[in-house]
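Dock chain B with the ligands against chain A, hints included.
For reference, the chains in residue letters:
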Amino acid sequence: MIKIIDLNKSFGLNHVLRGVDLTVERGESMVVIGGSGSGKSVLIKHIIGLLRPDAGRVFVDGIDVFQLKEGELNELRRKFGMLFQGAALFDSLSVWENVGFGLMQHKKLSDKEIKEIAVEKLRMVGLVGVEDLMPSELSGGMRKRVGLARAICMEPEILLYDEPTTGLDPIMADAINDLIVDMKDKLNVTSVAITHDMKSAYKIADRIAMLYNGKIIEVGSPDEIRNSGNPIVQQFITGSASGPITIEGVRHEGDFHRA
Amino acid sequence: MRILRPIEVLGTLLKWPIEELGRIILLLSSVIKELFTPPLNIKNTLKQMFEIGVSSLPVVVITAVFTGMVLALQSYTGFKRFGAETLVGSVVALSMTRELGPVLTGLIVAGKAGASMAAELGTMRVTEQIDALETLATNPVKYLIVPRFLSGITMLPSLSVIADIIGIAGGYFVSVYLLGASSAVYMKRTWNYLELEDIYNGLIKSCFFGGAIALISCYKGFYTSGGAEGVGKATTGAVVLSCMTILISDYFLSAWLFK
Ligand SMILES: Nc1ncnc2c1ncn2[C@@H]1O[C@H](COP(=O)(O)OP(=O)(O)OP(=O)(O)O)[C@@H](O)[C@H]1O
Ligand SMILES: [Mg+2]
Numbered sequence: 051m052i053k054i055i056d057l058n059k060s061f062g063l064n065h066v067l068r069g070v071d072l073t074v075e076r077g078e079s080m081v082v083i084g085g086s087g088s089g090k091s092v093l094i095k096h097i098i099g100l101l102r103p104d105a106g107r108v109f110v111d112g113i114d115v116f117q118l119k120e121g122e123l124n125e126l127r128r129k130f131g132m133l134f135q136g137a138a139l140f141d142s143l144s145v146w147e148n149v150g151f152g153l154m155q156h157k158k159l160s161d162k163e164i165k166e167i168a169v170e171k172l173r174m175v176g177l178v179g180v181e182d183l184m185p186s187e188l189s190g191g192m193r194k195r196v197g198l199a200r201a202i203c204m205e206p207e208i209l210l211y212d213e214p215t216t217g218l219d220p221i222m223a224d225a226i227n228d229l230i231v232d233m234k235d236k237l238n239v240t241s242v243a244i245t246h247d248m249k250s251a252y253k254i255a256d257r258i259a260m261l262y263n264g265k266i267i268e269v270g271s272p273d274e275i276r277n278s279g280n281p282i283v284q285q286f287i288t289g290s291a292s293g294p295i296t297i298e299g300v301r302h303e304g305d306f307h308r309a
Numbered sequence: 700m701r702i703l704r705p706i707e708v709l710g711t712l713l714k715w716p717i718e719e720l721g722r723i724i725l726l727l728s729s730v731i732k733e734l735f736t737p738p739l740n741i742k743n744t745l746k747q748m749f750e751i752g753v754s755s756l757p758v759v760v761i762t763a764v765f766t767g768m769v770l771a772l773q774s775y776t777g778f779k780r781f782g783a784e785t786l787v788g789s790v791v792a793l794s795m796t797r798e799l800g801p802v803l804t805g806l807i808v809a810g811k812a813g814a815s816m817a818a819e820l821g822t823m824r825v826t827e828q829i830d831a832l833e834t835l836a837t838n839p840v841k842y843l844i845v846p847r848f849l850s851g852i853t854m855l856p857s858l859s860v861i862a863d864i865i866g867i868a869g870g871y872f873v874s875v876y877l878l879g880a881s882s883a884v885y886m887k888r889t890w891n892y893l894e895l896e897d898i899y900n901g902l903i904k905s906c907f908f909g910g911a912i913a914l915i916s917c918y919k920g921f922y923t924s925g926g927a928e929g930v931g932k933a934t935t936g937a938v939v940l941s942c943m944t945i946l947i948s949d950y951f952l953s954a955w956l957f958k
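Protein chains in written order, with this note's numbering: chain A, 51 to 309; chain B, 700 to 958.
Read the hints as simulated data drawn from the structure, not as lab findings. There may be inaccurate statements among the hints.
As the list claims (entries may be wrong) - Listed below are the simulated SDA-like cross-link pairs for lysine to any residue, each with C-alpha atoms no more than 20 Å apart in a straight line:
| # | chain 1 | residue 1 | chain 2 | residue 2 |
| --- | --- | --- | --- | --- |
| 1 | B | K732 | B | I852 |
| 2 | A | K158 | B | K841 |
| 3 | A | K119 | B | D830 |
As the list claims (entries may be wrong) - Restraint-style ranges between C-beta atoms, simulated for each label pair:
| # | chain 1 | residue 1 | chain 2 | residue 2 | range |
| --- | --- | --- | --- | --- | --- |
| 4 | A | K158 | B | I731 | 21 to 29 Å |
| 5 | B | I903 | A | L118 | 54 to 62 Å |
| 6 | B | I741 | A | E125 | 19 to 27 Å |
| 7 | B | I731 | A | L159 | 29 to 37 Å |
| 8 | A | H156 | B | L725 | 20 to 28 Å |
| 9 | B | Y922 | A | E125 | 21 to 29 Å |
| 10 | A | D111 | B | L725 | 29 to 37 Å |
| 11 | A | K53 | B | G925 | 31 to 39 Å |
| 12 | A | G179 | B | L727 | 40 to 48 Å |
Computed from a predicted structure; not experimentally measured. Built from N, CA and C at the ideal position, the CB exists for glycine as well.
Just chain B, same shape as in the assembly:
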C-alpha cells in the first residue's frame, strides 16, 4: 500500500488538469457547432469586438512602442561591439512581427479582456442569469460564448498588427533620432529581411492566442460556482491559464510555423 501511495498522489494531481482540458475541449466543440449554425448574433459580436479593442488598445500601444524602443536600444549597444549596428532595423522588425507583437498583445488581452469575460460570465452564472437565458429558450453558448470567441480570433490579430507597426516605429525613433542611425539604412534593413511569411505566421499565432484566451476565459466564467468568491477565483484562474497557454503554445507554434 505504501508503495502505491506516490502513484495515487500523482494520479490525483494529473486528474484535475486532464478533466479540465477535457471540459474545455467539449466547450470548444459546442462553440464550433454553434458557430456554424445560423443565425449568428452579429450585434453581440460587434459589441464584444469593440470591447476588446477599446479596453486593450491603449495598453497595447504603450507596450509596443516601449518594446520597440528598448529592442533598438539594446541591440544597438550589443551589435556595436562587432560593428553590426546597421542590423538593428531587422532585429526590431523580425522580433516584433514573429514574436513580441503576438505574445505581448496576447498577454495584455488576457489580462484585460480575458479577465472581464470571466468576471462577467461568472457573475451571470452565480446570479442565475445563465439559467434565465436557458429558460428563455436561448442557448447560452451561442448567445454568450460564440460572440466572444469570434471577437477574440479577429481582434487579437488586428491588435497585433498595430503592435507590430508601432513597435517598429518605436525602434525607428530610437535608432534614428537618439542613436543617430541613418533613416534610409534603417528602413532598408527593416524591409530587407522581413518576409510576408513572418507577418503572416505572427498573425496565425495571434489568431490562436485570441481563440484560446476567449475560450479559456469563457470556460472559467461559465462554470463558476460559489458566489462572489468564486467569481474572483474564476477571473484570476482565467488570466493565469490564458497566459500560460500563450507562453507554452507560443513555443510549439513557433517550432511548427517557422521551420
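With the rest of the complex left out, here is chain A:
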C-alpha cells in the first residue's frame, strides 16, 4: 500500500507539487493523469525515493520512505519496478543485460539463466530476437518496451509506470495495456501508472487521479472520472483546448493577426 501525505516539492521558484495526497491500496492499479509539466513524473519519483520532498511524507507498506537510511532504502526498492518516461536504458549494456540487471545484482544466477529469463520477459512485451542488440540500435517504442521488461523482470510487488504506452503504435499500446492488466490480475501487483492516453487509462485503472496545479483535484473510478462534474477534469479527458485550463503561449484562432 502506498500513502502520500501533503507532498510538497519546488525546484527553485517552480513550486511543482503543492500538497499532494493520494492513497493506493494493495493490489490496486492507480492511474495519474494531468497536463504536461504538471509534475506527474516528479510525483512518481518521490514514491521510490529518487527525489526528496520539501515537505510531506510517503509511506510504502507503512514505512516512511524518507526516514530510511541508504541501505534500508535499497531494501525497500527491491519491492519496486519502475519504467522511466525516457526508458533510461543503460547504454553500455546489451538489451538482455539491461533486462536482467536486477537479477545480475541481487540473485546468484549464471549468465545463461539470466539471459533465458530476460528473453522470456522480452517476449512478454512483444520483443523477439533483440536480446543481443545494444540500446542505441533500438527504436523509441522498442526502448520503452525493454524498459518495461526490465521493470517487471524481478517480479516486483509494486510497479511504477511513467507513460508506458506513449510512442507505441495503437495495437502495441493495447497489448501493453493487456500486459499491465495481467500483471495486476495474475501477480496482484500494486501499480501507479502515468498516462496521457485516456483509452489506456480507462482500460488499466481501478481508480484515476488527476493532478492539476500541484494537487490531486479528483480521484475516482474510470466511470466516476468520465462523468465528473469538474470542468477541469472534463476538459482534460475530452482533450479540448478551450476550457478552464489555459495554455500559455499557445494562441487561439482569434489571436492570430495579420503581419
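The following block gives chain B with the ligands in isolation, referenced to the frame of chain A:
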C-alpha cells in the same frame, strides 16, 4: 553598506569552491566506505582499468619518449658549457622518475580517461540511467565510481612506470646515438644517483593523482545537470580541475616526499 560590499563579493567568490570541495570530500568518504564493503565489482574494475590503459597508453608513450629526448638534448647543450655533460643520464633519470613521469601521465590521463569518465557519468545522469540504477536497488557510487577510483589509483602508477622507462630510453637514444656519449657512462650515471626512493615516491605521487582524477571526474559527471550542455560543461570542468589539482598538489607532495 558600501564598505561591506567587497567582503560580500569575496564571500560569494569563496563560497562556491569551498562548497564544491566539501561535496568532493563527502563523495570520497562514501567511495571509501563502499570500497571496503564487499562484494567488489571486479568485472567493472577490470573493464575500467583496461579502458584507462588502452585510451592513454599510446599518448603516454609518445609524450614520454619525446620528453626524455628533449631533456637529454637540452641538458647536454647546457651542461657542456661547464664540462658536465656526463651528468645527462642522471638528469633524465631523476627528472622522469620524480617529476615528469607522474605529472605528464597524470595530465594525459586527466585529458583522456578523466574526460570520458565525466562525459559517461554525466550522460548517465541526464538520461536518468543513474536514477534507474537506484530503482534497481543498486548503489551508484559502488557500481560506477568505486571501479573507476580503483582503476585510477592502480593504472596511473603503472603508466607512470612505463613513462619513466621510455623517457630514460629516449634520453639514452639521443645521448648515445645522436650526441655521441658513451653508452656505459650514460647507464652508469643513470643508476649512480637514482635511488629506489625516487621511483617509489614518484609512484606515490601518481597514485594520488590517479585517485584525484577519478574522484574529480566522477564527481563532475555524477552531479551533472542541464542536458547535453551540462555534460559538456562537466567534461571540461573535470579536465580543468583535475589538471589544476595535479599541478598544485604536485608541489606540496614533492615538498613533503622529497625532504
Ligand atoms: N530535476 C529537475 N530540476 C528542475 N526542475 C524540474 C526537475 N524535474 C522536473 N522539473 C520541473 O517540474 C515540473 C514537472 O515536471 P514533470 O517531469 O513531473 O512533468 P510531467 O507531469 O511528468 O510532464 P510530462 O507529461 O510532459 O512528462 C516541470 O516544470 C519541470 O520543469
Ligand atoms: Mg513526465
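Status of each hint after checking the structure:
Between K732 of chain B and I852 of chain B, the direct Cα distance comes to roughly 16 Å. Compliance with the 20 Å bound is thereby established for this hinted pair. As the CA atoms of K158 of chain A and K841 of chain B are separated by approximately 18 Å, the hinted pair is consistent with the 20 Å bound. For the hint pairing K119 of chain A with D830 of chain B, the CA-to-CA distance comes to about 17 Å; that is within 20 Å, so the pair holds. Between K158 of chain A and I731 of chain B the Cβ separation comes to about 27 Å, which falls inside the hinted range of 21 to 29 Å.
Between I903 of chain B and L118 of chain A the C-beta distance comes to about 40 Å, which lies outside the given range of 54 to 62 Å. Between I741 of chain B and E125 of chain A the beta carbons are some 24 Å apart, a value that agrees with the proposed interval 19 to 27 Å. The beta-carbon spacing between I731 of chain B and L159 of chain A, approximately 30 Å, falls within the hinted interval of 29 to 37 Å. In this structure the supplied range 20 to 28 Å holds for H156 of chain A paired with L725 of chain B, their Cβ-Cβ distance being about 27 Å.
Under the hint 21 to 29 Å, the C-beta atoms of Y922 of chain B and E125 of chain A, about 25 Å apart, fit the expected range. The hinted range of 29 to 37 Å is satisfied by D111 of chain A and L725 of chain B, whose Cβ atoms lie roughly 31 Å apart. Between K53 of chain A and G925 of chain B, the C-beta spacing of about 34 Å keeps the proposed range 31 to 39 Å intact. Range check, G179 of chain A to L727 of chain B: about 45 Å between beta-carbon atoms, so the 40 to 48 Å window is met.
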